[in-house]
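For the protein sequence lines, the chains are A and B, in the order given.
The numbering used here puts the first residue of the first sequence at 1, with every later residue one more than the last.
The numbering used here puts the first residue of the second sequence at 1001, with every later residue one more than the last.
No wet-lab data here; the hints were simulated from the structure.
There could be a bad hint or two in this list.
[Unchecked claim] Computed list of lysine-lysine pairs in DSS-like fashion (alpha-carbon distance at most 25 Å, straight line): (1) K155(A) - K1155(B); (2) K268(A) - K281(A); (3) K221(A) - K1163(B); (4) K1023(B) - K281(A); (5) K272(A) - K1355(B); (6) K1144(B) - K355(A); (7) K1355(B) - K1374(B); (8) K1111(B) - K1163(B); (9) K221(A) - K1023(B); (10) K176(A) - K111(A); (11) K1221(B) - K55(A); (12) K23(A) - K1221(B); (13) K306(A) - K1306(B); (14) K355(A) - K1281(B); (15) K1111(B) - K221(A); (16) K1155(B) - K374(A); (17) K221(A) - K1221(B); (18) K221(A) - K209(A); (19) K1221(B) - K268(A); (20) K155(A) - K176(A); (21) K268(A) - K1355(B); (22) K1272(B) - K221(A); (23) K55(A) - K176(A); (24) K1355(B) - K163(A).
[To be verified] Listed next, the stretches of chain A that the computed footprint assigns to chain B, with coverage defined by at least 3 CB atoms under 8 Å from CB atoms of chain B: (25) 74-80; (26) 167-181.
[To be verified] What follows is a list of derived Cβ distance ranges for each label pair: (27) D1042(B) - M298(A): 23 to 29 Å; (28) L381(A) - D1042(B): 40 to 46 Å; (29) K23(A) - P1284(B): 29 to 35 Å; (30) D1087(B) - V361(A): 45 to 51 Å; (31) P1284(B) - I382(A): 21 to 27 Å; (32) K176(A) - A1420(B): 43 to 49 Å; (33) K23(A) - A1420(B): 42 to 48 Å; (34) K55(A) - E1021(B): 45 to 51 Å; (35) Q1450(B) - M298(A): 24 to 30 Å.
Glycine included, each C-beta is placed from N, C-alpha and C at the ideal position.
Protein chains: 2
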Amino acid sequence: MEQTSLFDVVMTLYRQRKMAELKSILAQLNPADVANIIERADGRDVIALFRLLPKELATEAFAYIDSEQQEQLILAFTDRELREVIDELFLDDTVDLIEEMPASIVNRILKNTDPVTRAQINELLAYPADSAGSLMTPEYVYLKTTMTVEESFAKIRAVGVVKETIYTCYVTEERKLVGVVSMLDLLTSSYETVIGDIMDTNVISVHTKDDKEVVASTLAKYDLLAIPVVDGENRIVGIVTVDDAIDVIQDENTEDIEKMAAIVPTDKPYLKTGVIETFLKRIPWLLLLMVSATFTGMIITGFEDKLAASVVLTAFIPMLMDTGGNAGGQASVTIIRGLSLGDISLRDVWSVIWKEMRVAVICGVCLAAVNFGKMMLVDRLILGNTGITAAVALVVCLTLMVAVFIAKIIGCSLPILAKAVGFDPAVMASPFITTIVDAVSLLAYFLIAQSLLHI
Amino acid sequence: MEQTSLFDVVMTLYRQRKMAELKSILAQLNPADVANIIERADGRDVIALFRLLPKELATEAFAYIDSEQQEQLILAFTDRELREVIDELFLDDTVDLIEEMPASIVNRILKNTDPVTRAQINELLAYPADSAGSLMTPEYVYLKTTMTVEESFAKIRAVGVVKETIYTCYVTEERKLVGVVSMLDLLTSSYETVIGDIMDTNVISVHTKDDKEVVASTLAKYDLLAIPVVDGENRIVGIVTVDDAIDVIQDENTEDIEKMAAIVPTDKPYLKTGVIETFLKRIPWLLLLMVSATFTGMIITGFEDKLAASVVLTAFIPMLMDTGGNAGGQASVTIIRGLSLGDISLRDVWSVIWKEMRVAVICGVCLAAVNFGKMMLVDRLILGNTGITAAVALVVCLTLMVAVFIAKIIGCSLPILAKAVGFDPAVMASPFITTIVDAVSLLAYFLIAQSLLHI
């Protein structure tokens, strides 16, 4: 709501060409809000608005803007403007930018950076996507064990503004990470204290090749503001700060949710994704799951004559399939989330299955009881469907129990199995489970019907 | 993996009563790791292990431990031990603890806190659950506009260790929040500078009554390390730090995922939730959705004679239902996530529906084409099901297109509708959508069959 009105105010002033007023309003805004306004503006207004910003705010806002508008801005920038922006960006943001831009723009960016920065950028670009190395920035503060607190403050004051964080400083010896010291430690120690005496040597770190999900969850687990990234020889090569970790957490959650809904993950926001692109993300699983339903169809075809003899059974196929699917989906999604949060690990497989078995029995009995009552009272008495005998109701309710039981067991074990063999458990969510559960529960339905109704 | 071996090492030493060795190992660990070990230990070992820890580490670890083991520990604590732990806990952690404990323990905790703390705790407990007020801690650093940087450092040095963060300081005038100043600003200004000259007056804050989700997303949006919480008169009453915001983000994601899977949300980890409790979280939606399937059953019953005449149609019911459910689920989950991340807002409803319509048409045509080929080649020719004529295949494929189209439209619009009327969009996910889509697509199936096959 607030965003809307702010944007409207800005655009009204802009259209009325009240530039002085507009400039003073923009200058008071937060970079994230400026970025929001620029993202919502059209074509040419983007660069015009951007040029109204004070230099520092402009650069800060630039880091928040979507890659599409970043590209537009860079195309409109003079070389001088581009240099100013790139100079002020943190290195990890420059790397993110380069990864999103077409080659011609990348060349222009690299041409407008000094050789040292260019070398650092190229080094960061060499790390595999989604690794700690690709996420980190080399802009951290390092101290030596022999420095005093006073010397440390002098150093931090000198280099602090161009570092991503000064609140955690890393202590190195021959580039090897030997300790960390927080700004709080520095502030509460006397000036003569030596860093070696106050640093914490029990350093939590990640490796350059660790997945970015590991980086974020480690940082979150230990409540850190930044986490150091080390190479194979424990030399610190960069840090990842908490704000980037939060972005990773949100992206990973979105990715998991998309996979659970049978969508190929994307990192673009919905409204910025084209129709064809959206189609391409959704069709693979739809096709695969549709073709897999062939088995279910074959089972029904196999029992076609029986069904013709007792057509009343058909009416309960959707209910049995949906309930099985829902029951299995509940179990699988719970386990997938538990695995992803680290609440459940592979060694818990048996206790998970044992718990799901018990939950399944109680759920199954409860659903069957309600359904039996519903079929005899509502369907038979009230709706007058005389085809529904007690025997038919019994067949449906028994199948319901079997379907829920099988669904819960498949639902809880497939994600763990996927994890064990190195697949992403999130794929084993409702849509996939449903397809399997459908086939199994239909088979159970017809077999139970055959033996109880003698059809 | 690392956790397992650490736990094993600790427990082996413990069982061998090598207490000196154990003590020195424990003393080197991080509080989060200590908490992990204690959570996995059994009954009496919990308190014995806890008592081996150095005092400061013990308290820090205590804040990380699950409420179940916290309760066990408090029951075993002497009043003195309890006082030591509570004294060192941050106030927001104490409030979390009190909210989880039974009344008798709450009384003991309150009896062992000093009157000032007790008053603060009671104040925090008065805020509604899930509000910014219930999440915040009053342990922030406040400065005055007239203070110099030197005076500010003196104050921070004096009070810093008992504050949740010193990296962002809040500037107040008659308790009203007038600015913020970061430790970086302080460190890079000369000692004589007056706070009023360097503070940022454009303060991002939240209100005590704001939902904790708003707190976390605002903090994340502006990349803050802490966010101030103000009352109705803009007086600062507390702050929320980034580590607590991350926990909120993860909890909200879990809650959304659970709701999307038709589970009543819980905040307990899976393995710590009892069978009955798990059952109670799952059965409401299972029952509701099962009973809702009555409509689908009624539609089938209504067309029973037609089905008896053309039993081959039954074999495609599961495939049609599943594909519709999956297509609708993809749309609904994408929109739910977009709404929750703020990528999509209510005013986007028409562009969302327009995009989904186009995606639905392409998906529908693609699925229908593949399915037509599959039915004629695999089902008819290879599997020899001669009941499948081109007309039957046409009916199935037309229904497929209609089902996918309706599913996508319902899937994308129901979450937005839910949001518009103040419900949680997450409830409008696959299970709910599936139930509606099933009924609609079955109706379409029979109507199309009736008119094309003349049954």
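Here's how the hints hold up against the structure:
For the given pair, K155(A) sits about 23 Å from K1155(B) by alpha-carbon distance, which is consistent with the 25 Å threshold. For a cut-off of 25 Å, the pair hint linking K268(A) to K281(A) stands: about 11 Å separates their Cα positions. At most 25 Å may separate the alpha-carbon atoms for a hinted pair to count; K221(A) and K1163(B) meet this at roughly 20 Å. For the hint pairing K1023(B) with K281(A), the CA-to-CA distance comes to about 54 Å; that exceeds 25 Å, so the pair is violated.
With a C-alpha separation of about 11 Å, the suggested pairing of K272(A) with K1355(B) holds against the 25 Å cut-off. With a CA separation close to 57 Å, the supplied pair K1144(B) and K355(A) exceeds the 25 Å bound. Taking the CA atoms of K1355(B) and K1374(B), the gap is about 28 Å. The hint is violated against a cut of 25 Å. Restraint check for K1111(B) and K1163(B): satisfied, since their Cα atoms lie roughly 23 Å apart, inside the 25 Å limit.
Of the supplied pair hints, the one linking K221(A) and K1023(B) holds, its CA atoms being roughly 23 Å apart against a limit of 25 Å. Between K176(A) and K111(A) the CA atoms are separated by roughly 33 Å; this puts the pair beyond 25 Å, and the hint is violated. Our distance criterion of 25 Å between C-alpha atoms is met by K1221(B) and K55(A), whose separation comes to about 21 Å. Between K23(A) and K1221(B), the direct Cα distance comes to roughly 23 Å. Compliance with the 25 Å bound is thereby established for this hinted pair.
About 16 Å separates the Cα atoms of K306(A) and K1306(B), which keeps this hinted pair within 25 Å; it holds. For the given pair, K355(A) sits about 14 Å from K1281(B) by alpha-carbon distance, which is consistent with the 25 Å threshold. Taken as a hint, the K1111(B) and K221(A) pair is broken in the structure, with Cα atoms around 32 Å apart against an allowance of 25 Å. Under the criterion of a C-alpha separation no larger than 25 Å, the hint pairing K1155(B) with K374(A) is inconsistent with the structure, at around 71 Å.
For the hint linking K221(A) to K1221(B), the alpha-carbon distance of about 21 Å falls within 25 Å, and the restraint holds. Under the criterion of a C-alpha separation no larger than 25 Å, the hint pairing K221(A) with K209(A) is consistent with the structure, at around 19 Å. Pair hint K1221(B) plus K268(A) holds up; C-alpha atoms about 17 Å apart against a cutoff of 25 Å. For the hint pairing K155(A) with K176(A), the CA-to-CA distance comes to about 19 Å; that is within 25 Å, so the pair holds.
For the proposed pair K268(A) and K1355(B), the alpha carbon gap of about 15 Å is at most 25 Å, so the pair holds. At most 25 Å may separate the alpha-carbon atoms for a hinted pair to count; K1272(B) and K221(A) meet this at roughly 19 Å. Taking the CA atoms of K55(A) and K176(A), the gap is about 37 Å. The hint is violated against a cut of 25 Å. The hinted pair formed by K1355(B) and K163(A) fails the criterion: a straight-line CA distance of about 43 Å is larger than 25 Å.
Coverage of the segment 74-80 of chain A by chain B is violated. Counting CB-CB distances below 8 Å, 0 residues qualify, and the rule asks for three or more. With a threshold of 8 Å between beta carbons, the proposed coverage of the segment 167-181 of chain A by chain B is violated, since 1 of its residues qualify and at least three are required. Range check, D1042(B) to M298(A): Cβ separation about 51 Å, and the 23 to 29 Å hint is violated. Under the hint 40 to 46 Å, the C-beta atoms of L381(A) and D1042(B), about 55 Å apart, miss the expected range.
Between K23(A) and P1284(B) the beta carbon distance is about 56 Å. The supplied range of 29 to 35 Å is therefore violated. At roughly 48 Å, the beta carbons of D1087(B) and V361(A) sit within the given window of 45 to 51 Å. Against the hinted window of 21 to 27 Å, the Cβ-Cβ separation of P1284(B) and I382(A) comes to about 24 Å, which satisfies the hint. For K176(A) and A1420(B), the Cβ-Cβ distance of about 57 Å falls outside the hinted range of 43 to 49 Å, so the restraint is violated.
Between K23(A) and A1420(B) the beta carbons are some 37 Å apart, a value that contradicts the proposed interval 42 to 48 Å. Under the hint 45 to 51 Å, the C-beta atoms of K55(A) and E1021(B), about 59 Å apart, miss the expected range. At roughly 25 Å, the beta carbons of Q1450(B) and M298(A) sit within the given window of 24 to 30 Å.
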